[in-house]
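Got two chains here, separate frames each, mind docking them using the hints?
Each chain is listed here by its residues.
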Amino acid sequence: MNTGQTFITLGALALLVTMLLTMHKNFGMNNEVVIQSKLGVTAVSLAESLVEEASGKAFDRATDDNAVSATSSLTASSSLGLETGEFFPDSVNDFDDYNNYNQTVSFNKGGTFNINCKVNYVNPTNPEVVQSTPTWHKRLSITVTSNDMLDTIRAAYIFSYFYYR
Amino acid sequence: MGQSTIFDVISSIVIGGFLLIIITQMYANVSENTYNNTNDLIVQENLVALVRIIETDFRKIGYCADPSKIPDPSKSILSADEHSISFKTDVDNDGIVDILRYSTGLPSGLTTTPNPRDRLIYRTVNGTASYGISLGVVIFDFMYFNAIGDSLSFPITNSNEIYAMRLSVLLESPFAYDTTYTYAYWRQLRLAARNLKNR
Chain F
1002 MNTGQTFITL GALALLVTML LTMHKNFGMN NEVVIQSKLG VTAVSLAESL VEEASGKAFD
1062 RATDDNAVSA TSSLTASSSL GLETGEFFPD SVNDFDDYNN YNQTVSFNKG GTFNINCKVN
1122 YVNPTNPEVV QSTPTWHKRL SITVTSNDML DTIRAAYIFS YFYYR
Chain W
741 MGQSTIFDVI SSIVIGGFLL IIITQMYANV SENTYNNTND LIVQENLVAL VRIIETDFRK
801 IGYCADPSKI PDPSKSILSA DEHSISFKTD VDNDGIVDIL RYSTGLPSGL TTTPNPRDRL
861 IYRTVNGTAS YGISLGVVIF DFMYFNAIGD SLSFPITNSN EIYAMRLSVL LESPFAYDTT
921 YTYAYWRQLR LAARNLKNR
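Listed in order, the protein sequences are those of chains F and W. As numbered in the numbering used here, residues 1002 to 1166 make up the first sequence, in order. As numbered in the numbering used here, residues 741 to 939 make up the second sequence, in order.
Chain W with its partners taken away, still in its complex shape (with noise of 0.2 Å):
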């Protein structure tokens, strides 16, 4: 072989070697990308999902098919705190008062998925005992506002005061590709009784 030759085969080596190189990085960022985008979604169709739930609950707090079973809907908050509440309400609209509480479990109790601080959410119905769900919650906190619209300071020891609730939602992927977990945010203000102050 030549020299010509021999620095032909280093180059076309060399060349090759960057090449696979840059393919390799490629597949790399196609595979992050790929799974962050997966998750993203999977995080977002989750919220949405509690949301929805949240939403259809919280608006029938102190409802009731039968108006005279709940004749005073501000005081059908039965009990309060940071991460749960406990209320009267109508589940299935048949005329009988229900009590619905949510609250979350600690980020410790739900090992079964790699991010250190999700946790489990609970809906339990009339104290039937429920099955946590698992859909990526990290933050699940309730701030509550009196009729003049001053936060009320933990622990509420008179629930009859809240008027208004602040539920900030945060979910973060269960998994993560390297340490970077994707999330979504949702902060929505509820008033604890809309029907009560209309006039």
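Bound conformation, chain F alone (with noise of 0.2 Å):
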């Protein structure tokens, strides 16, 4: 074999040694748009989960046993989350007891998720806006997040209060 073609030989393996290298990365890429969409879809059912599982309390802790018929009435916005003696999940009556509500869940088919919450007042009209004075709107932010994950899952829930006479 003359120079030549040894150059030529070195080239077609140097070819295909980048194809190679080309198809791999491919592979990973896909994998990891695979394992990501797999960690979204259980993100978004825990999201969802605390959404559920927060509307069903009362809206607020003045509402848990009475009407209320004035937002002065309410939890300034200050003392929005747990109240003294409270802890997460068996004293939990109201929906503002989620504000700054932290939870770590692990599944052991993979992925561990930190979910954080905040709840502040919002107005209907622009419900984006933090209200600083108590209406009748609560909005619940959900956070989760994963050292797996390249994303981060967000999830809001306004919560409404009603009452029948």
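Watch out, some of these pointers could steer you wrong.
Said to hold, decoys possible - Each pair of labels, with its calculated beta carbon distance range:
| no. | chain 1 | residue 1 | chain 2 | residue 2 | range |
| --- | --- | --- | --- | --- | --- |
| 1 | W | Thr851 | F | Gly1111 | 22 to 32 Å |
| 2 | W | Ser824 | F | Gly1029 | 38 to 48 Å |
| 3 | F | Gln1037 | W | Met883 | 24 to 34 Å |
| 4 | W | Phe915 | F | Ala1068 | 55 to 65 Å |
| 5 | F | Pro1125 | W | Phe894 | 37 to 47 Å |
| 6 | W | Gly756 | F | Gly1111 | 36 to 46 Å |
| 7 | F | Ala1068 | W | Ala916 | 53 to 63 Å |
| 8 | F | Asp1065 | W | Thr852 | 48 to 58 Å |
| 9 | F | Pro1128 | W | Leu781 | 28 to 38 Å |
Stated by the list, open to error - The list that follows gives simulated cross-link-like pairs (lysine to aspartate or glutamate, EDC-like), each with its CA atoms no further than 20 Å apart:
| no. | chain 1 | residue 1 | chain 2 | residue 2 |
| --- | --- | --- | --- | --- |
| 10 | F | Lys1110 | W | Glu785 |
| 11 | W | Lys815 | F | Glu1129 |
| 12 | W | Lys800 | F | Glu1053 |
| 13 | F | Lys1026 | W | Glu772 |
| 14 | F | Lys1058 | W | Asp812 |
| 15 | F | Lys1110 | W | Asp881 |
| 16 | W | Lys800 | F | Glu1054 |
| 17 | F | Lys1058 | W | Asp890 |
| 18 | F | Lys1058 | W | Glu901 |
What the hints assert, rightly or not - Reference excerpt, derived from the structure (chain F facing chain W, CB under 10 Å, subset only):
| no. | residue |
| --- | --- |
| 19 | Gly1005 |
| 20 | Gln1006 |
| 21 | Ile1009 |
| 22 | Asn1032 |
| 23 | Lys1039 |
None of these hints come from the bench; they were simulated from the model. Built from N, CA and C at the ideal position, the CB exists for glycine as well.
Quick look at the structure:
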């Protein structure tokens, strides 16, 4: 084999190696997308679970046992969260107890998820803006993160107070 | 042929052999990856489809277009166990109470797929005989909780105690590459009668 043939052979091998590396890189990217979408499905189910759980509670500690007719009777926005002596999950009784709630959930099928919650008063005309004074509407914002996930899953739920006389 | 030529031929055969092995391995990898990715996609699509149906049905536990037909939604669950549930609802929103039942068959009941763990899932409306759906359901497990959040042990004798339930669903692909089945997992807590406790 002369020098020219050797170079041609080396060039062909280089092309083959490049092709193999590109192919394996694509495999890796595909697998990453598949894993991320699996984790996303589980994360969404966790966020929805928390929405379900919170929406089953009373709107406010003031409405737990009695009806309220003025927003001034509701918990001040600075006091949203667990009351003194309350703890998860046994003594949680109202929606805003989920303010600043953190939970870590692990699955044996893969993934450890961190759930963070914030509860704020909002106005229905502009639900994205947090109100500093009580209104009849509270927004629960849930953030689900995981060290394994590239993206953060965010969910929001607005819970309104209503009372039938 | 001189020694140099023989050496060239032997070298070519060896290198060609290596190339052949590499290409064969590459095709095997491509096949495995394509197979698994396609199965993953199918499993995830099946899971989303199943969850969509379940969410729609379970959200309406205790609901009826004519509220006088179900005056106490807390008594809507008629029976519940680890793999099945039966409840009152209004499936077609016509003001007539329907009995909806979700249950699963045994893994041995689904012999048409190679996966030894998957089973049929049944959605029965008003006791009408239903065909099982094969979506690759491997786990379809319920856990039930009372109003103070304690889990209820099986068998559940008083289904009126159920305040919330947690459903875990694991789907696996019916077919495997070698013995690897792809999977997708979903777990969600649901209230038994979501409008009952709101104040």
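Evaluation of the provided hints:
1. Hint check: threonine 851(W) to glycine 1111(F), Cβ distance near 29 Å, so the stated range 22 to 32 Å holds.
2. Separation of serine 824(W) from glycine 1029(F) is about 41 Å and conforms to the stated range, judged on CB atoms against 38 to 48 Å.
3. Between glutamine 1037(F) and methionine 883(W) the Cβ separation comes to about 28 Å, which falls inside the hinted range of 24 to 34 Å.
4. Checked against the hint of 55 to 65 Å, the C-beta distance between phenylalanine 915(W) and alanine 1068(F) comes to roughly 58 Å, which is consistent with it.
5. Taking 37 to 47 Å as the suggested C-beta distance range, the pair proline 1125(F) and phenylalanine 894(W) conforms, at roughly 43 Å.
6. The beta-carbon spacing between glycine 756(W) and glycine 1111(F), approximately 42 Å, falls within the hinted interval of 36 to 46 Å.
7. The given range of 53 to 63 Å is respected by alanine 1068(F) and alanine 916(W), whose C-beta atoms sit roughly 58 Å from each other.
8. Between aspartate 1065(F) and threonine 852(W) the beta carbons are some 53 Å apart, a value that agrees with the proposed interval 48 to 58 Å.
9. For proline 1128(F) and leucine 781(W), the hinted distance range of 28 to 38 Å is satisfied, since their beta carbons lie about 35 Å from each other.
10. About 18 Å separates the Cα atoms of lysine 1110(F) and glutamate 785(W), which keeps this hinted pair within 20 Å; it holds.
11. Proposed proximity of lysine 815(W) and glutamate 1129(F) is contradicted: the alpha carbons are some 37 Å apart, above 20 Å.
12. With a C-alpha separation of about 13 Å, the suggested pairing of lysine 800(W) with glutamate 1053(F) holds against the 20 Å cut-off.
13. At most 20 Å may separate the alpha-carbon atoms for a hinted pair to count; lysine 1026(F) and glutamate 772(W) meet this at roughly 15 Å.
14. For the hint linking lysine 1058(F) to aspartate 812(W), the alpha-carbon distance of about 18 Å falls within 20 Å, and the restraint holds.
15. In summary, the hint linking lysine 1110(F) to aspartate 881(W) is supported, as the alpha carbons are separated by about 15 Å, within the 20 Å threshold.
16. Between lysine 800(W) and glutamate 1054(F) the alpha-carbon distance is near 16 Å, which keeps this suggested pair within the 20 Å criterion.
17. For the hint linking lysine 1058(F) to aspartate 890(W), the alpha-carbon distance of about 16 Å falls within 20 Å, and the restraint holds.
18. Of the supplied pair hints, the one linking lysine 1058(F) and glutamate 901(W) holds, its CA atoms being roughly 17 Å apart against a limit of 20 Å.
19. Contact between glycine 1005(F) and chain W, as hinted, is not supported at the beta carbon level, the nearest pair being about 13 Å apart and thus beyond 10 Å.
20. At its closest, the beta carbon of glutamine 1006(F) sits 9 Å from a beta carbon of chain W; the interface hint therefore holds under the 10 Å criterion.
21. Nearest Cβ of chain W to the Cβ of isoleucine 1009(F): about 12 Å, over the 10 Å cut. The hint is violated.
22. Because the smallest distance between the Cβ of asparagine 1032(F) and any Cβ of chain W comes to about 8 Å, under 10 Å, the interface hint for this residue holds.
23. Because the closest C-beta pair between lysine 1039(F) and chain W is about 6 Å apart, less than 10 Å, the hint holds.
The structure fails hints 11, 19, 21 (numbered hints given earlier, in ascending order).
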